[in-house]
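Chemist: The residues making up each chain are set out below.
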Amino acid sequence: MIAGDAQTVIQLIDVEKNYRVGTEIVRALRGVSLSINENEYVAIMGPSGSGKSTMMNILGCLDIASRGSYLLSGHDVSRLSQSKLARIRGTRIGFVFQTFELLPRTTALKNVQLPMMYAQTSNKKRRALAALERVGLTDRATHRPNQLSGGQKQRVAIARALAQEPDIILADEPTGNLDSKTGDEIMAIFDSLHTEGQTIIVVTHEEGIAARCHRVIRLLDGRIASDTRQTPAPATNPIQEKATVA
Amino acid sequence: MIGRILRFPGRLVRASTSTLLRTGQNVLTAFVQIWANKGRSVLTTLGIVIAVTSIITVVSLVDGFGQYLTKMLRGYGTQYMIVNPYVPPAMRGRGMRRVTLNIRDIEAVRTECTDLRRITPFVFAQAEVAYASETAEDIPIRGVTEHYQTIRNFFVDAGRFFGPVDVDNGAYVCVLGRSLLQLLECDESIIGDYVQIGDARFLVLGLLQSKGSVFGDDQDKTVMIPYTTSLKLWPERRDQVPFLAEAIDEDHIGSAEAQINRVLRERHTIQAGQPDDFRIDRQDQELKQFDKVRNIATGVLAGIVSISLLVGGIGIMNVMLVSVTERTREIGLRKSVGGRRRDILTQFLTEAVVLCTFGGAIGVGFGYVLTNLAALHPQMVEVQVSSWSVVLGIGFSAGTGVVFGLVPAFKAAILHPIDALRHE
Chain X
2 MIAGDAQTVI QLIDVEKNYR VGTEIVRALR GVSLSINENE YVAIMGPSGS
52 GKSTMMNILG CLDIASRGSY LLSGHDVSRL SQSKLARIRG TRIGFVFQTF
102 ELLPRTTALK NVQLPMMYAQ TSNKKRRALA ALERVGLTDR ATHRPNQLSG
152 GQKQRVAIAR ALAQEPDIIL ADEPTGNLDS KTGDEIMAIF DSLHTEGQTI
202 IVVTHEEGIA ARCHRVIRLL DGRIASDTRQ TPAPATNPIQ EKATVA
Chain D
1057 MIGRILRFPG RLVRASTSTL LRTGQNVLTA FVQIWANKGR SVLTTLGIVI
1107 AVTSIITVVS LVDGFGQYLT KMLRGYGTQY MIVNPYVPPA MRGRGMRRVT
1157 LNIRDIEAVR TECTDLRRIT PFVFAQAEVA YASETAEDIP IRGVTEHYQT
1207 IRNFFVDAGR FFGPVDVDNG AYVCVLGRSL LQLLECDESI IGDYVQIGDA
1257 RFLVLGLLQS KGSVFGDDQD KTVMIPYTTS LKLWPERRDQ VPFLAEAIDE
1307 DHIGSAEAQI NRVLRERHTI QAGQPDDFRI DRQDQELKQF DKVRNIATGV
1357 LAGIVSISLL VGGIGIMNVM LVSVTERTRE IGLRKSVGGR RRDILTQFLT
1407 EAVVLCTFGG AIGVGFGYVL TNLAALHPQM VEVQVSSWSV VLGIGFSAGT
1457 GVVFGLVPAF KAAILHPIDA LRHE
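Chains as they are written, first to last, in my numbering: chain X, 2 to 247; chain D, 1057 to 1480.
Bound conformation, chain D alone (with noise of 0.2 Å):
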């Protein structure tokens, strides 16, 4: 009894083997063929090659935009919201009174939300930048607190942002972005000198930390001035006043959402089953807007790579059967020498299997070529393969193996010995 149990380890050791013997044979038999089939082994894996092309290609440029926009929204926060004055298009024209969005609507925003960490108008305007005999045109002039470097995670680092007092007392006080430094040809010794911005003179505290550009739009390209001069400077912007707010924390921006639009709706008297007339852009639903770009993209993706696994499947179908009838002596010669059904049949599914692996590894190294020569474009974000795609795809195609290699496999495996021994 004891020698029995100690004797079972051994036998499922030698089992075991025996199949990973048997399975790498059958993984040479069908090398062999497809070797044998060079040709038509390549015609028909061209389905399963596009399929896994696709999903190398459209998983990796997802990806590497997903990460991008990810990583961007981060840098510039993802707790605050853009408050803008806004009349749906169908509304407009119809009656309704002028939108305004006014500082005392700001303040009334900011006393009475209580979900809210900081807030700051935002007058955006653009204007000639001169300094010395150098000139920059259409520079962006944002017109904000000194909240707004936390808002949107904006620093200085060289000399300072303007404070409360400058904002108080609508000083004609700026900081730059690091682009200004190269279209008004100077350096950092700019600061504590007054620059130029339409017909007024201001002094230049700080410049800003490098951002970079999204999308081709430079980060760096702006100017900040308190957002009371910038009413000074364009004092038609009074009744348009968007704002940016920041909830406490992630979990509260809804609720601070729901706040701003409560205060607002109640103190431009908007009666119950009327539209708003501000719009409320968060910036953590930009995230969710890429989602649903993504999840179109994984759509569309998922329509490519089912109908050509379906169409690779059929080829792969149509040439292992072509293969069982080819091969029928050769079945029934197995079957004579001690192939049992189960055998057959793991020996042609594993041929499809391989086959289809064999068409997924070439779509792989497409994947590779083609995600490399995108990311080869300038304005292309950062892309690699990732290797869960490789996973997928390869995952797939010997899925297709499996689910069309199982008609011809059986098939084969249920031939009689005799018939397929005389099958001429």
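Okay, chain X solo, but in the shape it has when bound (with noise of 0.2 Å):
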């Protein structure tokens, strides 16, 4: 169990979400409560058509709910215009993706930088420099995206989502285009990363993936089926072992 004491990060209150598809309406959330912690290390599970992608684009500020409120961080994001959600987008949220989504021809580097330019932070080189440091790849910054492995963008990726600091890490089928052994490798930057204090909420389908995750919801048909805490799965491999550790 988490502490009382802890931050809560994420609130959601009875939050809808319709979509119109021609003439029928879609109800792809349909009354979701829900409470995430700092630091807690959540797995969002679900079918296809369960709500979870409905989910994550509301949790990620990319699309607004029907109905409800959704608080980050305290703050009521709900109702918040186009470019105020940009912002909180830039500066609250990192975003992880299955297809890792580095701009091709600019370098590791610059990628990362990319949040910080449109949030106009300042010390930019040295603060990506940091964040490619966290995922180590301080040796590859000046690598374009087409030098670099399919787990070397994604953890590209992820220092792009760490540069800002944000509050919550939403990564979305992080490990889906990798083989499994370089899927483990970047679960295990997860892990650490997860030790070091941030909150990391990974939407997939995969069991393994969600067994290295301390909280597991399931949705089913718009509705949170189950939440469950557990002690997450021992580590397989050694990088993770030393990650944990860590």
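Be aware that a few hints might be false.
[Claimed, not checked] Some chain D residues well away from chain X (every beta-carbon gap over 12 Å; in silico):
hint : residue
1    : S1097
2    : T1126
3    : R1166
4    : T1170
5    : S1189
6    : T1191
7    : Y1228
8    : E1244
9    : G1268
10   : A1314
11   : Q1339
12   : T1354
13   : M1373
14   : V1447
[To be verified] Chain D side only, calculated, beta carbon under 8 Å to chain X, not exhaustive:
hint : residue
15   : Q1081
16   : V1088
17   : A1092
18   : R1385
19   : E1386
20   : L1389
21   : V1393
22   : G1394
23   : G1395
24   : R1397
25   : D1399
Calculated directly from the structure, the hints in this document are not laboratory data. All C-beta atoms, glycine included, are put in the ideal place defined by N, C-alpha and C.
Hints in hand, dock the two standalone chains.
Modeler: Listed below in structure tokens is the structure:
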């Protein structure tokens, strides 16, 4: 259990999301209430159509709820304008995508600096280098995505998510495009970030990934079907052991 | 409070520095994109290239001719007008009496037109000029008075011009243009000697300063003699004497023209409503004539430029739309890491402007080359690319970028981040 005095980072109150598809209205989320505290390591699972993508979009401020409210670090972000949402995405949320989404023809360093460019953060280069160091890619800073392996690309993406010191890291199937060994390495980075105090939410359909998290939320038909806290599965490879020890 | 006021300039500086940095970043991204799609970029900017090339070339050429003509006409004075006997083509052979313009008319103009400073009859003929064993054929012989030199700004620089006494007496004296020296194979020692003009012998009083040639017409190939002498040699010209009249200053050219018109119509008893039997050509209107040519050239230029800018602009718009579609995921990512609509709009607009300006720069280059090629022609006037035509060309191309980049940039800006990220 998380200690009672831990700060609430995310609070969803009775959130609904409806889409109009042609003449039909799809009810993607049907009243979800949820709160996630600081330094939680959460997996969101569910079959396709369960509403987990919608949930991730709303948590990531990429979309707003049709009904209900969303408090992010105590601020109500459920009715903000597009440009305010963009600002929140840029400063409070770090995204990690299945397909990495790095800018081609742009160095790893510049990719990591991208969110800071929009937020007009100072000391971009120093911060970006620090973020690259945390994912162990200092020596690849000047490489372009086409010179990096899949695992390295995802590490650059994680560095990009970290650079702004966000409230939450939101990872959407972060290992989906990687082989299992590389996927383990990426998860090891998340494990160690969690150890350092980062709040992490991973959207996945892989039980193996979910097993490494401390809390698993399962969605079904737009509702939370289960919300369980667990002791994470023991590390299975040396890299992860090292990360856990660290 | 004071602290806040003091901090304000610092914040302003920081904000503007960051805007500058971001613009720099956008321009850099634009160059990366252009470089990544080299072939496509060059092809799409073709319209812009053509437009700017035409701007540079045409403006330079028209400018060159304009300056040349202005300088030339200024050199010959712009305050004078030439009056010729003339019947409008439509009236010819319709019972109008024979057109005359004689010395008595000119004398009347001289005494009655108060806005005129100087006047000279101008009897033009061509004759053979001979000296020693050399002859030069078809030499223009100008029969004038001593006032001609002041009116045309055409003076002697060796010896002297003939004076009023020579004119009154119809003396057989002349001044030679510099080209005659070559044609007659002699030097300045010809002053004081005699040349044969037609059937008469003329004392050479002086040599005219060199004027060079205008549009291939050698101004120095001329001989000037008193008009009275001209009329003795060519008596059939007595009733057809054109004249040159100089207004007292540039502001009185119009009124002087009106005075001449009134005096001549009165003397020729032309009824109201009847056309003039003479024609007054004002030299300052030659400039205006050229201005007309310049305006036509400008119009044609505007036509070419607007069509090619339109075509170029549509090309740019097209390629930018393709680019937006190709980079939808990139747009989604940029939005998810904090890019606002206006950031995306600025980015793509910058790209369109950079692309167009790049085309404009190529156009400026071509314009330089074409202008310098034209300048190589031996009969060509002096031309050079004016800096304002470069500014105009670059400005127009950048403007095209803004106008035609707006639709694609807007399309990119309003993309929903989720849809953009999911784009295949």
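Chemist: With 12 Å as the threshold, tell me whether M1373 of chain D passes as away from chain X on beta-carbon distances.
Modeler: At about 23 Å from chain X, M1373 of chain D clears the 12 Å cut-off, so the statement holds.
Chemist: Checking hints one by one. Is R1397 of chain D an interface residue toward chain X, by the C-beta closer than 8 Å rule?
Modeler: 6 Å, holds
Chemist: Would you check whether the claim that A1314 of chain D is not at the interface survives, using Cβ distances to chain X and the 12 Å cut-off?
Modeler: Its Cβ never comes within 12 Å of chain X, the nearest being 70 Å, so this holds.
Chemist: For the hint on V1088 of chain D, does the least C-beta distance to chain X fall short of 8 Å?
Modeler: 5 Å, holds
Chemist: Quick one, is the G1395 of chain D hint okay against chain X at 8 Å, beta carbons?
Modeler: 5 Å, holds
Chemist: With 12 Å as the threshold, tell me whether T1170 of chain D passes as away from chain X on beta-carbon distances.
Modeler: 76 Å, holds
Chemist: Does Y1228 of chain D clear chain X by more than 12 Å, comparing its Cβ with all Cβ atoms of that chain?
Modeler: 88 Å, holds
Chemist: Grab the minimum C-beta distance from Q1081 of chain D to chain X and call the hint holds if it beats 8 Å, violated otherwise.
Modeler: 6 Å, holds
Chemist: Is it correct that the beta-carbon of T1354 of chain D has no partner in chain X closer than or equal to 12 Å?
Modeler: 43 Å, holds
Chemist: Hey, does T1126 of chain D actually stay past 12 Å from chain X on C-beta?
Modeler: Since the minimum Cβ distance to chain X is about 53 Å, T1126 of chain D lies beyond 12 Å and the statement holds.
Chemist: Against chain X, does S1189 of chain D hold up as non-interface, every C-beta pair farther apart than 12 Å?
Modeler: 83 Å, holds
Chemist: Is the nearest Cβ of chain X still more than 12 Å from the Cβ of T1191 of chain D?
Modeler: Answer for T1191 of chain D: holds, closest chain X Cβ roughly 79 Å.
Of the numbered hints listed earlier, not one is contradicted by the structure.
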